[in-house]
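From just these sequences and the hints, can you work out the full model?
Single-letter residue listing:
Number of protein chains: 2
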Amino acid sequence: MKSLLKLCLTLAFGTGILLHLSAQSSIMGFSDDAAKKQTALEQKLDENVQANNLDEWMKYMTSHPHHVGSPWDAKVAEFIAGKFRSWGYEVKMETFNVLFPTPKVRQLEMISPTPFTASLTEPPVEGDPYSAQTDEALPSYNCYSIDGDVTGELVFVNYGIPADYEELERRGIDVKGKIVIAKYAGSWRGIKPKVAAEKGAIGCLIYSDPEDDGYAQGDTYPEGAFKNDHGVQRGAVMDLPLSPGDPLTPGYGATDDAKRLDLDESPSLTKIPVLPISYSDALPLLQALQGPVAPDSWRGALPITYHIGPGPAKVHLKLEFNWDMRPVHDVIAKMKGSTYPDEWVIRGNHHDAWVHGAADPISGMVTVMEEARVVSELAKTGWQPKRTIVYCAWGGEEPGLLGSTEWVETYADDLVKKAVAYINTDGTSRGYLFAGGSHTLEKFFDQIPRLVQDPKKGITVYERRKALEKFRNMPSADGFTLSALGSGSDYSSFFQHLGIASLNLGFGGEGNGGEYHTMYDSYTHYKRFKDPDFAYGATLVKVVGRTTLRLADAEVLPFEFTHMAKTLEKYVDEVQKLTDNLRESTAKENRFIRDGVYEAVNNPNEPMAIPDIKPDVPYLNFAPLENGLAAIQKEAQAYDQATKQRMPDLESMHRLNQILMHIEQSFTREEGLPRRPWFRHFVYAPGFYTGYGVKTLPGVREAIEERHFDEAQEQIGILGNLMEGYSMQIGKASALLVKP
Amino acid sequence: MKSLLKLCLTLAFGTGILLHLSAQSSIMGFSDDAAKKQTALEQKLDENVQANNLDEWMKYMTSHPHHVGSPWDAKVAEFIAGKFRSWGYEVKMETFNVLFPTPKVRQLEMISPTPFTASLTEPPVEGDPYSAQTDEALPSYNCYSIDGDVTGELVFVNYGIPADYEELERRGIDVKGKIVIAKYAGSWRGIKPKVAAEKGAIGCLIYSDPEDDGYAQGDTYPEGAFKNDHGVQRGAVMDLPLSPGDPLTPGYGATDDAKRLDLDESPSLTKIPVLPISYSDALPLLQALQGPVAPDSWRGALPITYHIGPGPAKVHLKLEFNWDMRPVHDVIAKMKGSTYPDEWVIRGNHHDAWVHGAADPISGMVTVMEEARVVSELAKTGWQPKRTIVYCAWGGEEPGLLGSTEWVETYADDLVKKAVAYINTDGTSRGYLFAGGSHTLEKFFDQIPRLVQDPKKGITVYERRKALEKFRNMPSADGFTLSALGSGSDYSSFFQHLGIASLNLGFGGEGNGGEYHTMYDSYTHYKRFKDPDFAYGATLVKVVGRTTLRLADAEVLPFEFTHMAKTLEKYVDEVQKLTDNLRESTAKENRFIRDGVYEAVNNPNEPMAIPDIKPDVPYLNFAPLENGLAAIQKEAQAYDQATKQRMPDLESMHRLNQILMHIEQSFTREEGLPRRPWFRHFVYAPGFYTGYGVKTLPGVREAIEERHFDEAQEQIGILGNLMEGYSMQIGKASALLVKP
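If you're matching them up, the sequences are chains A and B in order. Each residue of the first sequence is one higher than the last, beginning at 74 in the working numbering. Each residue of the second sequence is one higher than the last, beginning at 74 in the working numbering.
The list cannot tell twin chains apart, which means a pair is met if one copy fits it or any two copies do.
DSS-like, lysine-lysine: derived pairs with alpha carbons at most 27 Å apart: (1) K529 to K661; (2) K132 to K529; (3) K687 to K543; (4) K687 to K530; (5) K661 to K543; (6) K110 to K491; (7) K387 to K272; (8) K661 to K530; (9) K490 to K805.
Because the hints were derived from the structure by calculation, they are not lab data.
So this is what it looks like as structure tokens:
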């Protein structure tokens, strides 16, 4: 096959056919001839996808709880490895031993004014046999909470993010020495104990309020899909915005011989004990609070007046964990590339779950497997990918992206050389295609949803998504837009640590649920409320399968820079506006303080503290960003023009692809972001105080938000340099396309 | 006294002093000399106000329930009349016999799926002895509901306004033959049974959801101020936007010899039986509903998933009323004017309540009484008002503005000739001054809050209000702005029926409560949560007292037209934008329908009907409004200039005042608004589908909103003519000021 493909290429270039790298009518990165073949291949892909495989595999893999270290976790990894092997892949099981604490003692009681002991249990529900497998499951807890035995008055802190503590301050409420209770949502969960500890709290409870996740959304499980009064969201609370992965081997692979930190040296563990609880366990605690009534926007859907406290509710929280080392199993399956075996297209999803994990992560895992199966079927017809395809089933994602991070840290040197792109999925449902990723891939990806039919609506996945944007009055760009990626799934170490261009894909918007990280994320729940016939799962295989195959087979890698330039322009504009708005709002607030406006509107019956005068916001020199942007815009245009020229010879093309696949790394820097060197990408990062939520141009943006203006100015210089470097790489790519 | 005042006037004019009618430094409508005297008078007003009178009178008048027809209602009227008499006023008790139904049978039960009988009772609460006077009180009901005995499936209709029925339609839900349950709020309560009946429902329940009125706001009574789970909002449900007043004498006074309609001829009664209930009575009914989950924005704060139905909840509602005639007592107290006895400044508040009515209406009633007392004290010092002051304590406001409407209808001929202005208060609390009214009075009123101190903050009432506007980022006009008046209190017949310039004043924003129209609107509640020391009540006396006294004593009535012109400009702009927006949104919706956007975003698991294509919105000829506005702007400017001229002689001044006091009537028309001739003011009216909420330029605006574009065009012509007429009256006024 290799020789035949080479022949095709030779023919294409020999006869002087133009490469329509940018044309919508053809396939980006493919010559016309190659595009025809690719289209035929994709038709076979579509024909081969079988939804019932997804169903069958999910049913098997979710038949028992399979958290890290459980017997069924190993079985699931072996099952996946066995499947990959049976489809002809070269399979390696990579196992890392990592710190994985599990609960030994979980105790929460109110000691006054009314004694109450929290149940901390999720009872089995009728019609869902999986929910009765409590013996095999981990009870609800937050992973990487420290041990603790604390007693204190309770304070309700809304979502427990920094803005909420400003509201508390205005009411003269200090959480020092108190135990806080925060609602889930509003930030990633790990932010809540982090901020609480910064403010001096000694313990943290997190509960799912029915307003955000429960009966306010719809009927609760098992009548409906939504979170019932005993459902508890488990989840990791390590300091993820600092770095994901094994807390004892930060920044390097948790190999057998790796040096491990002592437990008390790890920067990732929480500083205070933290426990997630259900809304039935939260209700008596919140009901017993007095003190100021919570602001309107803090209110949930419990049938009470929400008070802030502190107290008189006084609670006792006792947590002890087994601080054990456990194995996480990554299944790595390769199909070698015919032409460029050292260019890797990596496609992954995790397989570990908090309990049964039907939606999260198995719904996505089965799409990777079906894609791999179909690709192996295609390979039986004589086709072979030009580049190596690597299918990955990650272990230990739930506690902190452990499996993918340790693998990436272990093989970092190889990956920065060989990885073309990383394509991730995780839980998926039904409805609309969502896609996030590097904007160097936006124009490439845009072609794909236009070719795939929505399984229920008789229009393409693309048309459906654009209709939604119209319906919601979203500013509608031409084409399919990618969102920026923060964190929360396995792309993080590829993208933000190594600067490998990544995508994260899935369907959603029409499945219902409150099962996330509970005992009720079961096959039964998935079949009733998510994607009952796996029609959208099968559609996702068609979307992602095309993405993988095109990246594997493109003659010229379909990386493109005008979309990145446009997106960066937006971000640069945003950080300038952010500064201007902060300057105006600060000046206005200071004026209000000086003019007595706050004093005049201060309700004498519910007085609040007047805020302090804040230093004026200076004007920053944004020229480095503007110059960097201008350079990228210019080079992106030039490259766009260059791709319309006659192609260079094969040797130059190889060199071109080598430049293209590494170009995202120009946005990274060995030193990483301030105070979190693991995060090296200077365009995309999870927010330091959002956790999963993305902050674009994070070094600059967060320094402005936190009012560290000297640092902001420094970061502008650093980012400007990176942008210049990125533009130079584009220039090098263009030079290979343009005849001298 | 009369001669002395005349002398002053003569002196002022004789010596050629300019009348600073517009200057902020002096008092509008007063010469400099007169302004000095007025300032001294107002100082005496301030010195004489005694907050403890308000407290003492409230305590007495609210010591028993005093609804229309109750023994204590008559006692209260006599008490007020006695006080007025003791202060030297000429007092007349005007009694009208009106239809006032009271409950005989009230029965509400759920017959399936689970039997439940609504309690329909408000139990006494600890610490509030008044709440135990249940024997003297009317039970909770909606006044002017018809009798009925209906059984049907229940449908939850959100607030029960027209937009809510559009949502129901999209879900294929019809209320024909059903009983609807609507939340209080979102419109005046009478709109709910009106719209329900239009849609074919056979019965209507209205409940207070704790989201809008209950524990979601704060602690409930008696722990806190807010509505507890048994509190029920009583209230009238007559078709108020059609006309207020006695349902058997629409448009004319309910005098002894008046011709009365038969009960079944009255257009004002509801078409279906309607009953208000508490949220504890509503909970089991709503909980038993199934069918589609209600949209997010419909959700309340009950701890359930809100479903729409219909059914399976099936309810039986039986209502029978005593259809009795009852007396309403208006107390009318006059102090005759020295110079212009036939120019009346009218100042009123109602005295009847649904139960004890401490906040509504006695908190306002006691400010009228204290004002009258202080004015009588001033009169003892030798001062006498130039114009006649008429203090009114209205009966029967609660069932439908009965007392004020019957009085106004009875004396309409006199009033259109003699009334200068009507100044209303109703319930009042603490916090910020609110004021609504005719914008011919805006510039005049603006001077007053600048002179009165907020009792708690060491700044003026004006400064506090402007600080609030700044704090809330409200578009801040120069000066104190008046809101436009809809309905809901006794100014309605003066203002909207006869075109007498009116004001409605009070304090609010810092008192808490859910007592409105419940058994718990007691002295105890008021003293704990509203205005405990009556400091704001006393301040209101100072504000309104000034308003009354200045209108009574002004040499030239302080009516002014540039503010009206500016306000009309805004309204004219609004109705044009409304049309444009409606055109655009209609075109967009039609495009979405044609382009399949609605179909594309229709969730196959929760399908909704696609809306029908609507006729395009035509372009209307707004020139008549623009020309009318231009004429008013021109004449308003000219009058403003003219007031800076030397004054005419006394005779001309009298003629000038005669023009000024009748000028608001130029906006009225005998034929009234379409389908509701009682409402004659073409600038301000309560909305046909909002009930209390104002619709400015109602003929035009509502025709556009209802997509009756032919009628809109016709109304534009009518309003344009009225505006031309108004401008001509201003011209006549100017002519009297400008020397030929």
